[in-house]
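All chains, please: the whole structure from these sequences, using the hints.
Those sequence lines, one after another, are chains A, B, C and D.
In this text, residue positions in the first sequence follow this note's numbering: the first is 700, and each later residue adds one.
In this text, residue positions in the second sequence follow this note's numbering: the first is 700, and each later residue adds one.
In this text, residue positions in the third sequence follow this note's numbering: the first is 527, and each later residue adds one.
In this text, residue positions in the fourth sequence follow this note's numbering: the first is 527, and each later residue adds one.
No lab work stands behind these hints, which were simulated from the structure alone.
Keep in mind that the hints are not guaranteed to be accurate.
[To be verified] Result set (DSS-like, lysine-lysine): computed pairs, CA atoms no more than 27 angstroms apart in a straight line:
hint, chain 1, residue 1, chain 2, residue 2
1, A, Lys807, D, Lys590
2, D, Lys590, D, Lys668
3, B, Lys807, B, Lys773
4, A, Lys773, A, Lys807
5, C, Lys668, C, Lys590
6, B, Lys773, C, Lys668
7, C, Lys590, B, Lys807
8, D, Lys668, A, Lys773
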Amino acid sequence: MNGGQDLGGMQGFGPVAPEPNEPRFHAAWEKRVFGLAMAMGLSGRWNLDASRAAREALPPGEYLTSSYYAIWLKALERQVTAHGLATREEIASGTVSAPAAPVTRVLKGAEVEPLFDRGFPSDRPLDVPARFAVGERVRARIINPPGHTRLPRYVRGRTGTVESVHGSFVFPDSNACLAGEAPQWLYTVRFSGAELWGEAAEPGHAVSVNAFESYLEPLA
Amino acid sequence: MNGGQDLGGMQGFGPVAPEPNEPRFHAAWEKRVFGLAMAMGLSGRWNLDASRAAREALPPGEYLTSSYYAIWLKALERQVTAHGLATREEIASGTVSAPAAPVTRVLKGAEVEPLFDRGFPSDRPLDVPARFAVGERVRARIINPPGHTRLPRYVRGRTGTVESVHGSFVFPDSNACLAGEAPQWLYTVRFSGAELWGEAAEPGHAVSVNAFESYLEPLA
Amino acid sequence: MAHEPHDPQNHDHPHDHPHDHAHGSGSELSPMDLRVRALESILVEKGYVDPAALDALIETYETKVGPHNGARAVARAWVDPAFRDRLLADATPTLREIGVGGRGGEHMVVVENTPDAHNLVVCTLCSCYPWPVLGLPPVWYKSPPYRARAVIEPRAVLAEFGVTLPGSTRIRVWDSTAELRYMVLPMRPSGTEDLDEAGLAALVTRDSMIGTGLPRHPGARA
Amino acid sequence: MAHEPHDPQNHDHPHDHPHDHAHGSGSELSPMDLRVRALESILVEKGYVDPAALDALIETYETKVGPHNGARAVARAWVDPAFRDRLLADATPTLREIGVGGRGGEHMVVVENTPDAHNLVVCTLCSCYPWPVLGLPPVWYKSPPYRARAVIEPRAVLAEFGVTLPGSTRIRVWDSTAELRYMVLPMRPSGTEDLDEAGLAALVTRDSMIGTGLPRHPGARA
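The structure is reproduced here in structure tokens:
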């Protein structure tokens, strides 16, 4: 989705503004949203890619004017209601009025440390060989899917060089809409600043993105 | 500027929403803003391109969450203060506290009809011939100027066909920063939907943009 | 040639008594009304803006220009092939023949719908629109959804407006990225052989000249 | 294997008495606090969320993870060439050697600054960041200005952070668009020959591992 989240290369936001003391959380509610989103992400009803998709589905103006955890909150509320886990009335009132729906897992307190210390790897073995090799010139495809994708607009149609082949990983575009993990080979592709931004680009810079195989095509 | 105004191809805004009765103005203040912006646009302190630049210089989130005439108002306030025609305090309070600054022209009531009926043509004769010809294949340059430009992001780097050569016109990128009209040849360039949006584009559509000569390069 | 602005200490509109522009009494003003009133007071009191010009501008664009101008041109083109040819070849002087032109229409381009190609006009970067031909644009034309989507999914946008075209009809989108202003010349509806120019003009909707609509059929008016 | 959720009529945390999570008393709650409290009440009461898990998650990421983990890795790499080589070749298991890993660090990549090339990490699409190595990201890392600008004008961004590099130094920007997570291995400052690993780790700032900063010089700490 070419939404408010696809920020690479946008202008007009003003300077980067580090905060004094850089608090991890700015209000008590931010902590709770963080924890709720993490816990519900393990409910089995959706996954991390789906949560990203829910966040970037906020209308662009709302996305860009919402604080970080407000985006998380709004997305979580949408997910909870869209999956039938609670009604809008319930989350507006805080009063349960409908039966609970089944979830696959409820993360227990004692599970947090071992589970999160182990992590949630997203590499998946794949029988087919990688299509592209290190050093190969490739073009980022021009795609504009209405759903989730991890190919940012600023590289689409641009030519780069394969820097690394990382193995095969869960494909977010599929996983986000709960259509399966559909793993693909994942590459790092390097683009010169001039290729991305034109002759007036800052000299001597390059940008590398991680690109799934279906995002790339060989140079004709 | 890759700002909030550069909307072509963005997603996530929802449906187009025509209003019942389609009022031209939705509040009394909108009419006044319209008139003030038009009148001040003839003050000689700036021009239409500069006004567009002032509007798109609003931070993207603010641009996308402001109503149309609110954008005009905020831009006009910025122009008035940036050009020293009034102070922030004056426009906040409505009370004049600083001397007026000179303007080139004050549009009079009786001038409106003849002036606006005649219009403000922006074609300008140019001694050099047009570089590109109808039917020629051209590529929209990859440019990302921090200031005003009229080459939308969605065509940059894409290849199209010159459909028309329109004569030479005021170049907005220069005129907007009051650096002169610097006229250039103006073309209509047609891009196929597939060239702009990829294989999944709606079938059989094409988009034409008006592109100044410096926005284009010949195919290598 | 700098204009000598009014002396703020010596003018006709002291701040305490802003002239009434029919935007309501002070007690009913919204924060935006107050904000704009303050700006207007300053610009008028400092002599940059003539209140009479302001009123003339608003009246002109609120009441005088509108899609009836474009509709006249379309109807004329339907009945007068030579006018149609001139309109497509060089729109600006041709529209002047019927008294249509001015600010926002200095460089007009008319694009013709055919059975093979349907035209749709947008301004992705701001709100460019042929004012003297169609009046001020509706809010949807200036809004992000239309500006974002018209270039990437014009058929989906047309469908929302109730316009469904055959798959064989190409869609031609015109993004008004310079000072050219576009008007669509729609196809003349069938069953209009008996109508005169005024009758035809009444079928020509504003949307049909943007490309988001089609002219009314005579039956639809009964 | 669906979990049987709690019966809302029969649980430990009746709605009227939401458990206290140290987020203040009701009388001081902002609208956002109230909104989140309502959501939390529903999710807990319906049995989807275990309050103990919530508390454990928040505590883990508020207090346990942080840039001290990354700093240890950097200091080790500075003193142990074999560790450095392993870190650059296969970061995830190498970080595990010093007890660093887990959620948000499953697939680590370490990129090394040299006199010729400076690395800068960003996530233009969201906020991907190596949690176990650097903790939760600061707001600026997640904010539109950084995400928008790091890829198009990295030198200008670096200058705002006080990092001015020679024109001959290439800037390598890493946009975290998949589940790989990046950490920058900065160059060891001069004058640190006498420092032990802990002393070196104290020079390694969080920003120096994102690429928006450089390690402190020992003199700067005096």
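Tested hints:
1. Proposed proximity of lysine 807(A) and lysine 590(D) is supported: the alpha carbons are some 19 angstroms apart, at most 27 angstroms.
2. Restraint check: the Cα-Cα separation between lysine 590(D) and lysine 668(D) comes to about 21 angstroms, which is no more than 27 angstroms; the hinted pair holds.
3. Among the hinted pairs, lysine 807(B) with lysine 773(B) is consistent with the structure: their alpha-carbon atoms are about 24 angstroms apart, no more than 27 angstroms.
4. Between lysine 773(A) and lysine 807(A), the direct Cα distance comes to roughly 24 angstroms. Compliance with the 27 angstroms bound is thereby established for this hinted pair.
5. Distance restraint check for lysine 668(C) and lysine 590(C): the Cα-Cα separation of roughly 21 angstroms lies within the 27 angstroms cut-off, and the hinted pair is therefore satisfied.
6. Of the supplied pair hints, the one linking lysine 773(B) and lysine 668(C) holds, its CA atoms being roughly 17 angstroms apart against a limit of 27 angstroms.
7. For the hint linking lysine 590(C) to lysine 807(B), the alpha-carbon distance of about 19 angstroms falls within 27 angstroms, and the restraint holds.
8. Only pairs whose Cα atoms come within 27 angstroms are accepted, and lysine 668(D) paired with lysine 773(A) is accepted, the gap being roughly 17 angstroms.
When held up to the earlier numbered hints, the structure conflicts with none and fits them all.
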